[in-house]
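K.L.:
Each chain, written out:
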Amino acid sequence: AQSVTQPDIHITVSEGASLELRCNYSYGATPYLFWYVQSPGQGLQLLLKYFSGDTLVQGIKGFEAEFKRSQSSFNLRKPSVHWSDAAEYFCAVAPGGGADGLTFGKGTHLIIQP
Amino acid sequence: DSGVTQTPKHLITATGQRVTLRCSPRSGDLSVYWYQQSLDQGLQFLIQYYNGEERAKGNILERFSAQQFPDLHSELNLSSLELGDSALYFCASSANRFGTGVADTQYFGPGTRLTVL
Numbered sequence: 101a102q103s104v105t106q107p108d109i110h111i112t113v114s115e116g117a118s119l120e121l122r123c124n125y126s127y128g129a130t131p132y133l134f135w136y137v138q139s140p141g142q143g144l145q146l147l148l149k150y151f152s153g154d155t156l157v158q159g160i161k162g163f164e165a166e167f168k169r170s171q172s173s174f175n176l177r178k179p180s181v182h183w184s185d186a187a188e189y190f191c192a193v194a195p196g197g198g199a200d201g202l203t204f205g206k207g208t209h210l211i212i213q214p
Numbered sequence: 011d012s013g014v015t016q017t018p019k020h021l022i023t024a025t026g027q028r029v030t031l032r033c034s035p036r037s038g039d040l041s042v043y044w045y046q047q048s049l050d051q052g053l054q055f056l057i058q059y060y061n062g063e064e065r066a067k068g069n070i071l072e073r074f075s076a077q078q079f080p081d082l083h084s085e086l087n088l089s090s091l092e093l094g095d096s097a098l099y100f101c102a103s104s105a106n107r108f109g110t111g112v113a114d115t116q117y118f119g120p121g122t123r124l125t126v127l
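Chains as they are written, first to last, in this note's numbering: chain H, 101 to 214; chain X, 11 to 127.
Hints may contain errors.
Unchecked claim - Anything over 12 Å on all C-beta distances counts as not near chain H; from chain X, calculated:
#	residue
1	Pro18
2	Ala24
3	Thr25
4	Arg28
5	Thr30
6	Ile57
7	Gln58
8	Asn69
9	Asp81
10	Leu93
11	Gly94
Said to hold, decoys possible - Now the stretches of chain X that chain H is said to cover, found in silico as 3 or more residues with beta-carbon under 8 Å:
#	stretch
12	33-40
13	70-80
Read the hints as simulated data drawn from the structure, not as lab findings. Think of the CB as a built atom: it goes at the ideal place given N, C-alpha and C, for glycine as much as any other residue.
Next comes chain H alone, as it looks inside the complex (with noise of 0.2 Å):
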C-alpha cells in the first residue's frame, strides 16, 4: 500500500524568505502526486500535480515541486513567501488506474512570521 510521510509538523518562515516542504512517498509503481493546502475552515485547493514528463512543475500562487525519483521524493518550494500562504499543507499520492482514493501525509502547517 501506498504512504505519504512529510517530516515537518509545523514550519516557520520570514514574510518574503524562501520556502521548501518536504514530502517523501512510497509506491510500487509510478507514483501520481499532488500538493493541497487548506486555508483555515476552508477545503483543499489543488496547488499542482506530477503525473508524467517534466520533473519540475509549476503550480498556482508561485509555487512548484520538483519529483525526485531516486529520492522517493516531491517537496514543494515558493521562492518568496507571503502573509497570505500561512495555512496546512498536504501532499498526497494516488495509485492511478481508475480507483483513485488519495493517500494523504499529515500535513505541514506553515506559519508566517511577518
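Position chain X against the provided structure of chain H, taking the given hints into account.
P.N.:
Positioned in the frame of chain H, the structure of chain X alone reads:
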C-alpha cells in the same frame, strides 16, 4: 470555488443517531470520493463512486455507507454515530478518464463539519 457543493455545512447530532451528507460534483465529473478529516487520523479516503457504481473502498466503517444517484450527486450515510465520528467530511469529484491508466485531479468541496455529542 471548486464547483463541488456539499450540504449541510455543519451538523450537530447525538450518539446513536444517523445522518446523511450530500455532495454534488462538478458539472461533467463522473467520479465522487468521500474523505474524513479528523485530528487523530488526518485525512482518510473512505469510498469512491464512478457513474453510480462503487469503484474503490478505503478505511470506511461498516456503519457508514454511500451511494451515487443517476444525476451523479452522492450521499454519505453515517449511522449509530459515536463521539469519534466527529470530523470534517469532504467530498471530491473528478472526470476520471478510465482506460488511460492516469489518475485524475480531484476537486474538493468545502466539507461538512459533523459534531457528535
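K.L.:
Test the statement that X:Thr25 is away from the interface with chain H: the closest C-beta pair must be farther apart than 12 Å.
P.N.:
Since the minimum Cβ distance to chain H is about 25 Å, X:Thr25 lies beyond 12 Å and the statement holds.
K.L.:
Checking C-beta pairs, does the stretch 33-40 of chain X have three or more residues closer than 8 Å to chain H?
P.N.:
Coverage by chain H is violated here, the residue count being 0 at a Cβ distance below 8 Å.
K.L.:
Beyond 12 Å on every Cβ pair: is that true for X:Leu93 relative to chain H?
P.N.:
22 Å, holds
K.L.:
Verify the coverage statement for the stretch 70-80 of chain X against chain H, using a C-beta to C-beta distance below 8 Å and requiring 3 or more qualifying residues.
P.N.:
With 0 residues closer than 8 Å to chain H, the stretch 70-80 of chain X misses the three-residue bar; violated.
K.L.:
Once the closest CB in chain H is found, is it more than 12 Å from X:Ala24?
P.N.:
24 Å, holds
K.L.:
Taking the closest pair, is the beta carbon of X:Gln58 still more than 12 Å from chain H?
P.N.:
6 Å, violated
K.L.:
Please confirm whether X:Gly94 is truly not at the interface, meaning its C-beta sits more than 12 Å away from all C-beta atoms of chain H.
P.N.:
Holds: least Cβ distance 18 Å, greater than 12 Å.
K.L.:
Find the nearest Cβ of chain H to the Cβ of X:Ile57 and say whether that gap is larger than 12 Å.
P.N.:
8 Å, violated
K.L.:
Hey, does X:Arg28 actually stay past 12 Å from chain H on C-beta?
P.N.:
24 Å, holds
K.L.:
So X:Thr30 supposedly isn't at the interface. Is its beta-carbon more than 12 Å from every beta-carbon in chain H?
P.N.:
19 Å, holds
K.L.:
Is X:Asp81 truly not at the interface, in the sense that its beta carbon sits beyond 12 Å from all beta carbons of chain H?
P.N.:
Consistent with the label, X:Asp81 stays out of reach of chain H, its closest Cβ about 22 Å off (over 12 Å).
K.L.:
Does the no-contact call for X:Asn69 survive, Cβ to all of chain H over 12 Å?
P.N.:
At roughly 9 Å from the nearest Cβ of chain H, X:Asn69 sits no farther out than 12 Å, so the non-interface label is violated.
This entry does not satisfy hints 6, 7, 8, 12, 13, going by the numbered hints stated previously.
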